[in-house]
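What follows is each chain in one-letter form.
There are 2 protein chains.
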Amino acid sequence: MKISGYLIDLEQAVQTIKKKGYETIALQIPEGLKSSASKIIESVKKEIKCEIIVIADPCFGACDIANYELKNIGVEFVIQIGHTPIPNLGNDLIPTAFVNALSSKDVMQVVEKSLAYLDGTIVGVVTTAQHLHTLKAVENILKKHNFVPVISGGDKRIAAKGQILGCNFSTGTNIADKVDSFLFVGSGNFHPVGLLLSVKKPVIAADPYSGTVKKQEISDLKDTILRQRYGAIANSKNAKKFGILIGIKRGQQRIKLAYNIKDMLESLDKKSFFIAMDNFAPVSLQSFRDVDCFVSTSCPRIAIDDYLQYKKPIITPIELDIVLGKRKWEDYQFDQITSD
Amino acid sequence: MKISGYLIDLEQAVQTIKKKGYETIALQIPEGLKSSASKIIESVKKEIKCEIIVIADPCFGACDIANYELKNIGVEFVIQIGHTPIPNLGNDLIPTAFVNALSSKDVMQVVEKSLAYLDGTIVGVVTTAQHLHTLKAVENILKKHNFVPVISGGDKRIAAKGQILGCNFSTGTNIADKVDSFLFVGSGNFHPVGLLLSVKKPVIAADPYSGTVKKQEISDLKDTILRQRYGAIANSKNAKKFGILIGIKRGQQRIKLAYNIKDMLESLDKKSFFIAMDNFAPVSLQSFRDVDCFVSTSCPRIAIDDYLQYKKPIITPIELDIVLGKRKWEDYQFDQITSD
Numbered sequence: 001m002k003i004s005g006y007l008i009d010l011e012q013a014v015q016t017i018k019k020k021g022y023e024t025i026a027l028q029i030p031e032g033l034k035s036s037a038s039k040i041i042e043s044v045k046k047e048i049k050c051e052i053i054v055i056a057d058p059c060f061g062a063c064d065i066a067n068y069e070l071k072n073i074g075v076e077f078v079i080q081i082g083h084t085p086i087p088n089l090g091n092d093l094i095p096t097a098f099v100n101a102l103s104s105k106d107v108m109q110v111v112e113k114s115l116a117y118l119d120g121t122i123v124g125v126v127t128t129a130q131h132l133h134t135l136k137a138v139e140n141i142l143k144k145h146n147f148v149p150v151i152s153g154g155d156k157r158i159a160a161k162g163q164i165l166g167c168n169f170s171t172g173t174n175i176a177d178k179v180d181s182f183l184f185v186g187s188g189n190f191h192p193v194g195l196l197l198s199v200k201k202p203v204i205a206a207d208p209y210s211g212t213v214k215k216q217e218i219s220d221l222k223d224t225i226l227r228q229r230y231g232a233i234a235n236s237k238n239a240k241k242f243g244i245l246i247g248i249k250r251g252q253q254r255i256k257l258a259y260n261i262k263d264m265l266e267s268l269d270k271k272s273f274f275i276a277m278d279n280f281a282p283v284s285l286q287s288f289r290d291v292d293c294f295v296s297t298s299c300p301r302i303a304i305d306d307y308l309q310y311k312k313p314i315i316t317p318i319e320l321d322i323v324l325g326k327r328k329w330e331d332y333q334f335d336q337i338t339s340d
Numbered sequence: 001m002k003i004s005g006y007l008i009d010l011e012q013a014v015q016t017i018k019k020k021g022y023e024t025i026a027l028q029i030p031e032g033l034k035s036s037a038s039k040i041i042e043s044v045k046k047e048i049k050c051e052i053i054v055i056a057d058p059c060f061g062a063c064d065i066a067n068y069e070l071k072n073i074g075v076e077f078v079i080q081i082g083h084t085p086i087p088n089l090g091n092d093l094i095p096t097a098f099v100n101a102l103s104s105k106d107v108m109q110v111v112e113k114s115l116a117y118l119d120g121t122i123v124g125v126v127t128t129a130q131h132l133h134t135l136k137a138v139e140n141i142l143k144k145h146n147f148v149p150v151i152s153g154g155d156k157r158i159a160a161k162g163q164i165l166g167c168n169f170s171t172g173t174n175i176a177d178k179v180d181s182f183l184f185v186g187s188g189n190f191h192p193v194g195l196l197l198s199v200k201k202p203v204i205a206a207d208p209y210s211g212t213v214k215k216q217e218i219s220d221l222k223d224t225i226l227r228q229r230y231g232a233i234a235n236s237k238n239a240k241k242f243g244i245l246i247g248i249k250r251g252q253q254r255i256k257l258a259y260n261i262k263d264m265l266e267s268l269d270k271k272s273f274f275i276a277m278d279n280f281a282p283v284s285l286q287s288f289r290d291v292d293c294f295v296s297t298s299c300p301r302i303a304i305d306d307y308l309q310y311k312k313p314i315i316t317p318i319e320l321d322i323v324l325g326k327r328k329w330e331d332y333q334f335d336q337i338t339s340d
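Top line first, the protein sequences correspond to chains L and A.
Its first residue numbered 1, the first sequence is counted upward by one per residue in this note's numbering.
Its first residue numbered 1, the second sequence is counted upward by one per residue in this note's numbering.
Among these hints, one or two may not hold up.
A pair counts as met if it fits within one copy or between any two copies, since identical chains are not told apart.
Said to hold, decoys possible - Mimicking DSS-like on lysine-lysine, the simulated pairs with C-alpha atoms at most 25 Å apart in a straight line are:
id : residue 1 : residue 2
1  : Lys-144   : Lys-178
2  : Lys-270   : Lys-136
3  : Lys-271   : Lys-2
4  : Lys-256   : Lys-71
5  : Lys-262   : Lys-215
6  : Lys-2     : Lys-71
7  : Lys-71    : Lys-156
8  : Lys-144   : Lys-19
9  : Lys-156   : Lys-256
10 : Lys-20    : Lys-312
11 : Lys-49    : Lys-271
12 : Lys-39    : Lys-241
13 : Lys-215   : Lys-240
14 : Lys-241   : Lys-2
15 : Lys-19    : Lys-46
16 : Lys-237   : Lys-19
17 : Lys-113   : Lys-71
18 : Lys-49    : Lys-240
19 : Lys-215   : Lys-200
No lab work stands behind these hints, which were simulated from the structure alone.
One chain only, chain L, in its complex shape:
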């Protein structure tokens, strides 16, 4: 079905529901498609008789699998719209179909426009889930203009070639050594800035929605973020007590890393304790008044995106290494959740 500029193919999910005889389905939808919830429900119900319960809690990615408690209200199957699955994630709770929402936005024009900004001839190409189906065409444009496009597979958190997540740029880092620059097809700044911080090669962002190409802006934003991160690290130097944040969402769990951090802090006579959280909200951490610094092992975006909303410094595990003198600022790396 076509909705708000997206193609959402529910056929396979509907077939599964039919085949398994599921009667109660939950629907996880990203914020931008919530206003189309009724249409999606109607579309499914036209094909099959079932009850559908829309989940209103925000769902930013396939890392956020449905709450097991839904089983107690009768949910047998979940359709999560707008995300590709994270292949290495266990999905042993409620069976879930991940249905991508493919943007119908034309990317050709903005990609043509981006060619003038590319450095060198070998170009790594990456994108987000909703533009994955355009990669072949992007590749062809580049070739036509004598560039050498490179599209790489990622690690086990990545469903498709050339796809990046806000927490995983492995399809970029895998080829960073052999390309001259990267072309990111998609909107928003977080993905291209995260990519730039991870691959350390020029990143050109072609936004099919606004039709704009950003290069300097991405580079400037990277500098701004690095300044903020430098500040957060500096503000954590005298921290006596650390709160080690653990994401409860399945795809944001890095429990081994959390334990390693605790051991490291203990070996340095620093106090710490674990704080787990499902929905990260600054207000939920405010009451931990004796904590001087939060170290987040959860979604990397929490420390980076929402930094200014927290009253205490919130840093990534890599940044903690710098705080503790185990890594130099020059070796700064963007935090990623990888499958290694």
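Fit chain A to the given chain L structure using the hints.
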């Protein structure tokens, strides 16, 4: 242990941990005790070697059992502090000990002060979890002054005699017919106002923290809330599409009620769909732009307390009956989650 004016007896929970050999424990604590998280951790660790993970997501009651996903990060046992259990709730996911936090605040003085405000001689006495241990003394004061105190058991959601929850006033309604007035011992306005709306007898609130006795204020607040509710009902009269809200938290689930509402709306040719939510936040409902009215089967406080934060009317199932002409405004009842 004594913390921030509360007595928290962790001994039984510690014994369970020892006996079962649990190694990883999660701690759910109410907002007001989060700043004492470190002290609670130290107190448990002094008695037994284990890892403790504090849950930062808000926990307003025993209705909010720990997320099953915690199992995947190794949690074997949960200690929920500050609430008594809800006896009829299934607790089949992660074994949980509910440890009440008993306020050390003296209630005698404010109860003495409240005597002048009581109507009649037969007085129903109710309180919240943290003052349960004072009920015997309150009873004695009343008797000494020739009142006849009545303390009743509640339905299967209520752990102790005389206890009320924000969503259940059965220890009050059970005896409303035979008492002249109610004495509520505790702080805040929600409980006494909810009680007043449920029992329809005078309610005198004795607040041990502020030392104040409120009667007119509670009655005025009831009037304010009733005016708001009347407005919400009026604003829902022309609603064409309803969002039926289902609480995902175990103790806030009323799925049968949700289905009944859906059937009723369908029989009246009104459109509706189910929306489930773990953490109720106005912003998460804003995007459902085609919904004209939300009917909440979840925690009654969501519709009543947070009403002004929602842009669309949000009403209780009883209020929907009034909207649909199945109940008169004169028969308005406060929404409760009961065990019936």
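Exercise for the section: Find the hints from earlier in the document that the structure breaks and name them by number, from lowest to highest. Expected result: Hints 2, 5, 6, 8, 10, 13, 16, 17 contradicted; others consistent.
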